[in-house]
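Enquirer: Chain by chain, the residues run as shown.
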Amino acid sequence: MEIAAKEPAEAGFEPLLQLEMEMETFLSDWRHCDQLSTYVARMVSHNRTDPVRHSNFFSSALNELLELSFRGGSPEGQIGCVIYRQGATERVRLSFPCPPGHRQFYREAVSKTHREDAYARYLDSISTDLAPSKDVVLLDLAVNFDAQVRLDEDAPPFLTLVVDLPLEGIVS
Amino acid sequence: MSSTGLSIPFKAEFDANSQEFSLSGVVRPRSIDEIAASISILKEAIGEVRGVLYINVRRLVQMNNTAFHVFVRVVIDACRARPDLRFVIVTSSVVGWTTRMFARLNEIEPQITVEVYDSKFYPGQSFVENTSFIPILRTQTKMTWRHERSILPRHGLRPGIVMADICCGIGDFAVLVQKEFQPARIVALDHSKASLAYARDVAAGFGITGIEYTYGDASEMLLEDNQFDFVSCRHSLQIFNQPNALLAELYRICRPGGRVYVTNEKNSHCLGEPRSQSIQWTYNEVAKLFSHFEMDVELGPKSRRYLADAGFDDIVVESFMVTNLDGDPRDFADVIAAWEDVYAGEMAVKRGDSPEFIQRFRQGFQDHIFAALHPKGYAGWPIWVASGRKPL
Ligand SMILES: C[S@@+](CC[C@H](N)C(=O)[O-])C[C@H]1O[C@@H](n2cnc3c(N)ncnc32)[C@H](O)[C@@H]1O
Chain A
0 MEIAAKEPAE AGFEPLLQLE MEMETFLSDW RHCDQLSTYV ARMVSHNRTD
50 PVRHSNFFSS ALNELLELSF RGGSPEGQIG CVIYRQGATE RVRLSFPCPP
100 GHRQFYREAV SKTHREDAYA RYLDSISTDL APSKDVVLLD LAVNFDAQVR
150 LDEDAPPFLT LVVDLPLEGI VS
Chain B
0 MSSTGLSIPF KAEFDANSQE FSLSGVVRPR SIDEIAASIS ILKEAIGEVR
50 GVLYINVRRL VQMNNTAFHV FVRVVIDACR ARPDLRFVIV TSSVVGWTTR
100 MFARLNEIEP QITVEVYDSK FYPGQSFVEN TSFIPILRTQ TKMTWRHERS
150 ILPRHGLRPG IVMADICCGI GDFAVLVQKE FQPARIVALD HSKASLAYAR
200 DVAAGFGITG IEYTYGDASE MLLEDNQFDF VSCRHSLQIF NQPNALLAEL
250 YRICRPGGRV YVTNEKNSHC LGEPRSQSIQ WTYNEVAKLF SHFEMDVELG
300 PKSRRYLADA GFDDIVVESF MVTNLDGDPR DFADVIAAWE DVYAGEMAVK
350 RGDSPEFIQR FRQGFQDHIF AALHPKGYAG WPIWVASGRK PL
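Protein chains in written order, with numbering that gives the first Met the number 0: chain A, 0 to 171; chain B, 0 to 391.
Note that these hints are calculated values from the structure, not bench results. We put the CB at the ideal spot given by N, CA and C, even for glycine. Keep in mind that the hints are not guaranteed to be accurate.
Quick list of in silico lysine to aspartate or glutamate cross-link-like pairs, EDC-like style, CA-CA up to 20 Å [as the list claims (entries may be wrong)]:
hint, chain 1, residue 1, chain 2, residue 2
1, B, Lys42, B, Glu12
2, B, Lys141, B, Glu339
3, B, Lys349, B, Glu293
4, B, Lys192, A, Glu167
5, B, Lys42, A, Asp128
6, A, Lys111, A, Glu152
7, B, Lys287, B, Glu339
8, A, Lys133, B, Asp32
9, B, Lys375, B, Asp325
Stretch-level coverage of chain B by chain A, calculated; a stretch enters the list once three of its residues show a Cβ under 8 Å from a Cβ in chain A [as the list claims (entries may be wrong)]:
hint, stretch
10, 70–84
11, 102–115
12, 212–219
Short derived list, chain B residues pointing at chain A, Cβ under 8 Å [unchecked claim]:
hint, residue
13, Arg27
14, Ile31
15, Val60
16, Asn63
17, Asn64
18, Val93
19, Val94
20, Trp96
21, Arg99
Chain A extracted, bound-state conformation:
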């Protein structure tokens, strides 16, 4: 795992931390999702108004994103996660390699979070689906974390999810 302070520019956002890991290593243990999200959340939250609660909330969201890349990612290349901040919002830029056939699925899942019926879909999914689908994970972020989700189409096989989390305002 590498941690560095430099990262691609993201207008108006201040970079807080960047983390990269071989996808193969990442995929070797499910607990990496929990460990990374806990660790990153703590680092990012230390100077928020309520660091402990911000970290708990942030970890919850980041873990879902990492789990998503764990379940949908493929083992070649690196997973990269950069966290930025602007005011009360943290931005997570998560890039990971995934099989070509999955790209369309992510496009749709992201666009569902923007639709007016996102909330109804979310409720519908928790009341009827047997297991959480990948799109409900993004809907959960939109509904429960007030997240704005976007997809950056990198060169295949990489896919980048950009998720803005305005948690400072919710926590404090």
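With the hints as your guide, set chain B with the ligand onto chain A.
Expert: Chain B with the ligand alone, transformed into the frame defined by chain A:
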């Protein structure tokens, strides 16, 4: 049922007597098979209860969507199969995401309601949490610090350590410790949003950064196990109706070999000359008043026993007396005036005391102030300091 290997172990339990199913810790399974045993406990609970099943998620620190979905599915299916049953999900105001995620369920099934657990569940909470306590705390810490700054090193406080001040009030103790002892990290936790806001303002005003003020419930904190070298909890065991539960949490977050430091009073031992009898009477009444609200302000000398029962070793106990001779006697008088204000004001009124009682009650405080300011007077407020080591 519990699983290991996670930072905070996950537990699912059912208590048939209280019809309460509770989930706690961190649960982030890859597949639902990993939590099959917990799901069975929930299903059995549903099969057993009548009327209402309480689902307590106050101590649920993390739960991923995979786990959330299965638990919720079981409950939603049960709503459909058992229209006679209601579900009350109890979340904590401290854990933001649980409150938000579980609150949605009521929109799916009206049989499910969500209650947010907070201060109304503690008998005396409203007094100690509201802003009228702020002047009391401020003057108190000013007086006690003169003594504690030299006492603290004997109980393990030293530069560079990682510490937590639990029930930090307006945070002035954390600020003083930060300045005097330069710990590597201080987390300061309280359940009063007003006090925390005040604390953050004060820190910002003095340009102090690095104190992590956090809103939380001391009897079930989000803080992880075995983290802190030094955990202080001042004047607060005595205001909990279950001091043991609070101590268990302090013990949990302290690292093995670290120390938990508590200070408490024995109010009936406040004293003054002249007018000692009136003073004595009033402080005996203070102890009774607090016990009416299930708080034990006589706890000081019992702290050795509490620490021993909680599993600490190398217990050190000492006491000191804050007096009118410590510095400006006005400071002492200010503390007493602040007590009179809340104890004989809000609290006595809430208990339903008669005006005659309140008048006599007030007189003792005023006599204490008289003793403090009298050129030949002496007035004292004794405090018990105790600390114990969490065994290695
Ligand atoms: C008597 S004050 C002591 C404050 C501070 N330690 C001091 O010495 O100035 C008790 C404090 O406990 C806090 N408190 C009460 N119940 C609490 C709980 N469940 N969790 C965290 N703090 C709590 C109150 O808000 C209050 O600030």
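Enquirer: Taking the hints in turn, state whether each one holds.
Expert: Hints and how they fare:
1. B/Lys42 with B/Glu12: Holds, because 12 Å separates the two Cα atoms, which is no more than 20 Å.
2. B/Lys141 with B/Glu339: 18 Å, holds
3. B/Lys349 with B/Glu293: 14 Å, holds
4. B/Lys192 with A/Glu167: 15 Å, holds
5. B/Lys42 with A/Asp128: Roughly 18 Å between the alpha carbons, so the hint for B/Lys42 and A/Asp128 holds.
6. A/Lys111 with A/Glu152: Between A/Lys111 and A/Glu152 the Cα gap is close to 17 Å, so the pair holds against 20 Å.
7. B/Lys287 with B/Glu339: 15 Å, holds
8. A/Lys133 with B/Asp32: 19 Å, holds
9. B/Lys375 with B/Asp325: Answer holds: B/Lys375 to B/Asp325 is near 14 Å, not above 20 Å.
10. 70–84: holds (count 3)
11. 102–115: It holds, with 5 qualifying residues against the three required.
12. 212–219: This one holds; 4 residues, not fewer than the three required, reach chain A with a Cβ under 8 Å.
13. Arg27: With Cβ-Cβ at 5 Å, under 8 Å, it holds.
14. Ile31: Hint holds; B/Ile31 Cβ to chain A Cβ min 7 Å, cut 8 Å.
15. Val60: 7 Å, holds
16. Asn63: Nearest chain A Cβ about 6 Å off; hint holds.
17. Asn64: 4 Å, holds
18. Val93: 7 Å, holds
19. Val94: 6 Å, holds
20. Trp96: B/Trp96 check passes; min Cβ-Cβ to chain A is 5 Å, inside 8 Å.
21. Arg99: Constraint on B/Arg99 satisfied, holds at 5 Å.
Hint check: no violations occur; every hint is consistent with the structure.
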